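Colleague: Letter by letter, the chains look like this.
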Amino acid sequence: MDILIQTIGDIINADLGSPLAAFIALLLVSLAILGFMSLTAGGLSFIERRVAGRMQSRIGPNRVGPQGILQFMADGLKCAQKEDLIPDGADRLLFKLAPVLCFIGVFGTFAVLPWGNGFFASELNVGLLYLMSVTSLVVIGMLMAGWSSNNKWSLLGGMRSAAQMVSYEIPVALSLLPVILLCGSLSFKELIGAQGAMPWDWNILNSPFTFISFFIFFLAALAEGNRTPFDIPEGESELVAGYCTEYSGLRFVFFFFAEWANLYVIGAVAAAVFLGGGHLPFGLESDIVSLLVFFAKSFFMVFIIIWLRWTLPRFRVDQMMTLCWKTLIPLSFVMLFGQAITLLIYHELTFLQSIVSLVLFAICVLVGVKFVSRVLVNIKEQKYKMMHTLTGS
Amino acid sequence: MGLGNYFKDIKAGLTSAFEGMSISLASLFVRPVTVQYPDVDVKSDEAMRENYNGPLRGMPDNYRGLLDVDLEICISCKLCEKACPIDCILIEDVKIDKKQIVGRNGKSTMKMKSPIQFDIDNSKCMFCGLCVDPCPTGAIVHTNEFEFNRSDRSQLISRFVKADDRAQLKVRGAEIAIEDAKAKAEKAAKKKAEAEAKAKEEEEASKDQSEAKGTKE
Amino acid sequence: MKSLVNHFEDGIILTNVDYALGLGRAHSLWYMLFGLACCGIEMMQTGGPRTDLDRFGAVPRATPRQSDLMIVAGTVTLKMAERVKLLYGQMAEPRYVISMGSCSNSGGLFQCGYSVLNGVDKVIPVDVYLPGCPPRPEALASAIIDVQKKVVREPHLRKNV
Ligand code: SF4
Ligand code: SF4
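Residue numbers (our numbering), protein chains in the order written: chain A, 1 to 393; chain B, 394 to 610; chain C, 611 to 771.
A portion of the hints provided could be inaccurate.
As the list claims (entries may be wrong) - Partial pick of chain B residues on the chain C-facing surface, computed with a CB cut under 7 angstroms:
#1 430
#2 435
#3 520
#4 540
#5 542
What the hints assert, rightly or not - The calculated label-pair distances, taken between Cβ atoms and stated as ranges, are:
#6 C/689 with A/122: 18 to 24 angstroms
#7 A/184 with C/629: 57 to 63 angstroms
#8 A/170 with C/627: 48 to 54 angstroms
#9 B/407 with A/352: 34 to 40 angstroms
#10 A/80 with B/472: 56 to 62 angstroms
#11 B/483 with A/89: 32 to 38 angstroms
#12 A/122 with B/422: 40 to 46 angstroms
Bear in mind the hints are in silico, worked out from the structure with no lab data behind them.
In this text the structure is predicted, and so the values were computed from the model without any measurement.
C-beta atoms are modelled at their ideal positions from N, C-alpha and C, and glycine is treated no differently.
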C-alpha cells in the first residue's frame with residue numbers, strides 16, 4: 001500500500017478502513033502534491049528566468065523579495081486579477097475545459113512519480129505505462145484549446161503541437177523499452193531498485209544501447225514537453241503564442257503550470273529510470289537522504305533542459321518531424337534490439353557487463369573533462385571581451 | 394553519399410551543441426553587463442567606475458538630452474525658433490533695460506530684449522540639436538537629462554519663464570514701452586521742431602533773397 | 611467580483627489587500643511585443659542585457675491577451691492606428707499604455723505628414739508619455755517604474771466602474 005497515505009493516516013490517527021478517513025487522507029495527499037507541484041512550477045519559472053538572464057549576460061528578475069525570489073507570486077497575483085476573456089465565437093465549454101485537461105495530464109503523473117527510493121504517492125506496478133498514457137491528455141488539451149479559441153493561430157498551434165506530441169510519444173516509449181527489458185518491470189520502485197549507487201551501476205551505463213537510449217529519451221521528452229529547441233507550437237515569430245493565444249488570466253496560468261511542472265516530470269523520470277534514483281553509495285542511504293539525492297538529480301536534469309533552451313535555436317517544423325521519424329524512431333528500434341542481444345551476451349559472459357559499464361563511465365568522465373576545459377577557456381575569453389571590447393556609452 | 398552526410402550531420406550537430414553549451418555555461422560565471430538603472434547613476438563616470446570594473450562609462454558630454462535655456466543670456470533673437478524644423482519652440486519677448494551679457498562662448502553682447510514666454514514642446518521635439526547651433530550666445534543647450542515622463546501630454550511642454558518673472562518683465566516691458574514711446578514722441582517733437590525751425594530759416598532765407606533781389610532791381 | 615465592486619467602504623483591510631494586489635500587478639507588467647518604428651529598436655534594446663527590463667518583472671508576451679502593458683513604440687500611421695486600437699481592445703483588463711517617443715506622443719517630426727496620427731492618445735488612453743526621439747533604454751525603464759508607481763496606487767477592489 002501507499003506509504004505516504006499510511007503515514008498520514010497514522011498522523012490523523014484514523015482507521016483507514018473507514019471510507020471517509022481514507023478519502024480525507026487521499027485528499028490531504030493530493031493537496032500536498034498540488035502544493036509541491038505549484039511551488040515547483042513557480043520556483044522553476046523563477047530559476048529559469050534567472051538562469052536565462054545570466055546566460056544572456058543580464059540579471060533577470062531581482063526586485064520582488066530578496067533577489068526577486070517572489071517573482072512568481074507577483075505573476076500569479078497579477079494573473080489572478082486579469083480579466084477572464086473568452087473570445088466571441090469560441091466554443092465556451094471546450095475553451096474552459098482545455099486548460100484543466102492539460103493540468104490534469106501533468107498533475108496525474110505526480111501520482112506515480114517516485115520521491116526518493118521509498119516514497120510514492122501510489123506505487124503502481126505499471127507506473128511507467130500509466131505515466132506515458134496520462135500525459136497524452138495534454139495533447140487533447142492543447143488540441144482542444146487550439147480548436148475552441150476560434151483563432152487561426154491557435155488552431156495552427158494546436159495542430160502542430162498535436163502532431164509533434166503524438167509523434168514524439170513513440171520515441172519516448174521506445175527509448176524506455178531497453179531499460180524495461182533490462183529491469184523486467186514497469187514499476188518505478190523496481191526500476192530504481194534494480195540500479196546501484198555508483199554511476200556504473202546505473203541503467204544509463206549498462207550498455208552502449210541504454211546510453212544512447214537515454215539521449216533519445218531526453219530529446220523526445222523535450223519535444224513532448226514543448227520545450228526549445230522543439231517549441232514550435234508556440235513559436236512567437238510564426239504563431240502568436242500557439243494554442244494559448246486566446247487565453248488570459250488564470251486559464252493561462254494552468255497552461256503555464258502544466259509546462260513548468262512537466263519540466264520536473266521529465267527530470268524525475270530521467271533520474272528514476274536512467275540515473276539511479278536516490279541511491280547513495282557507502283551506506284549513507286536513508287529515506288530522507290534518498291529524497292534529497294533524488295531531488296538533486298531531477299533538478300540537475302531540469303537545469304540541463306533550461307540550459308539547452310537558452311543555447312539552441314528553434315527547429316523548423318519539417319526538420320523536427322524528420323528528426324523524429326527518420327532518426328529517433330529507427331535509432332530507438334536499433335537500441336531495443338541491441339539491448340536485447342546485449343542482455344543475452346551478458347547472460348553468458350557476466351564479467352563483460354562491469355567492463356562495458358566502466359568503459360562507458362570513463363568515456364563520460366573524459367567528455368566531462370573536455371567540456372569543463374572548454375568552459376574554462378570560454379570564461380576567460382568572455383571576461384577578456386567584457387573588459388576590452390565593451391564601449392562605455 | 395547519403396549515409397556519409399547523415400553521419401556528418403550528426404557529428405556537426407553534436408559538436409556544435411557541445412561548443413554552444415560550453416559557451417552558455419561559461420556566461421554563468423561572467424559578470425552580467427546590466428547597468429542597474431535606478432540604483433546606479435548612469436550619467437556619471439564615477440558611479441560607473443565604482444560599480445563596474447569594466448570599460449563601462451557614463452553618458453558622453455555631447456549626449457542630446459532635454460533642452461535647457463539660460464534666460465540670463467538669451468537675447469531673444471529667435472534664431473532657434475526659426476531653425477527648428479517642427480516648430481516646437483515658441484518665444485514671445487519684451488524690451489528690457491539694456492545690459493551687457495557674456496555668452497557661453499565668451500563673446501559679450503548687448504541684451505535688449507528678454508523672452509516672457511519660452512516654451513519647448515518636448516512631445517514634438519526630436520532632440521536634433523538644430524536649434525543649438527545657430528544660437529549666438531549659447532543660451533540653449535542639450536543637457537544629459539532624459540527622465541521627463543508625464544502622465545499628461547500638456548505637461549510635456551517645458552516652460553522656461555516663470556510666472557513671476559513674466560509678470561515683472563511684462564510690467565517693466567510696458568514701462569519701457571511707454572518710456573520708449575515718450576522718448577520717441579519727444580524725439581519726433583524735437584525733430585518736428587527742428588524741421589519747422591529749418592523750414593522757417595529757409596523761408597526767411599528765401600525771403601531775404603527775394604528782398605535782396607527786389608532791392609537789386 | 612463585479613457584484614462586490616462599489617459595495618465596500620475604504621477600510622484598512624481592504625486598502626492593505628488592495629496594496630498587496632497592486633504590488634503583484636506592478637511587478638509583473640508583461641509588455642506586448644509590438645514595435646512600430648525606430649523606437650521599437652530601442653525597446654528591444656531595453657529588454658536586452660544593458661538595461662534588462664526583466665529585472666522589473668517585465669517580460670515580452672507575443673499575444674495581447676496575456677500582456678498588461680502596451681508600449682506604443684514609434685510612428686502611428688493612420689493605417690496602423692486601427693490596429694493599435696484593435697490590439698488595445700484585445701488586451702485583458704487591467705491594461706496600461708506607455709506612449710514612447712515623440713511620434714506617438716504627438717506625431718513628432720512627421721506630424722504634418724498626410725498619413726500620420728498626431729498622438730496615439732487620440733485612439734487609446736495613455737498612462738505615461740515618454741519624450742525622446744527615440745528615448746534611450748534607461749528612459750523606457752524609468753517610464754516603466756512610473757507605471758509601476760501608478761499601478762500600486764490604483765485601487766483594484768474599490769475601483770469605480
Ligand atoms: S532639438 Fe530640434 S526639434 Fe527640438 S527644439 Fe531644437 S531644433 Fe526643434
Ligand atoms: S537662438 Fe539663443 S539667444 Fe536667440 S532666442 Fe534662441 S536661445 Fe535665445
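Colleague: Each hint needs a verdict: does it hold in this structure or not?
Modeller: Structure-based check of each hint:
{"no.": "1", "hint": "430", "result": "holds (5 angstroms)"}
{"no.": "2", "hint": "435", "result": "holds (5 angstroms)"}
{"no.": "3", "hint": "520", "result": "holds (5 angstroms)"}
{"no.": "4", "hint": "540", "result": "holds (5 angstroms)"}
{"no.": "5", "hint": "542", "result": "holds (5 angstroms)"}
{"no.": "6", "hint": "C/689 with A/122: 18 to 24 angstroms", "result": "violated (59 angstroms)"}
{"no.": "7", "hint": "A/184 with C/629: 57 to 63 angstroms", "result": "holds (60 angstroms)"}
{"no.": "8", "hint": "A/170 with C/627: 48 to 54 angstroms", "result": "holds (50 angstroms)"}
{"no.": "9", "hint": "B/407 with A/352: 34 to 40 angstroms", "result": "violated (27 angstroms)"}
{"no.": "10", "hint": "A/80 with B/472: 56 to 62 angstroms", "result": "holds (58 angstroms)"}
{"no.": "11", "hint": "B/483 with A/89: 32 to 38 angstroms", "result": "violated (51 angstroms)"}
{"no.": "12", "hint": "A/122 with B/422: 40 to 46 angstroms", "result": "holds (42 angstroms)"}
Hint compliance for this structure: hints 6, 9 and 11 are not met, and every other hint is.
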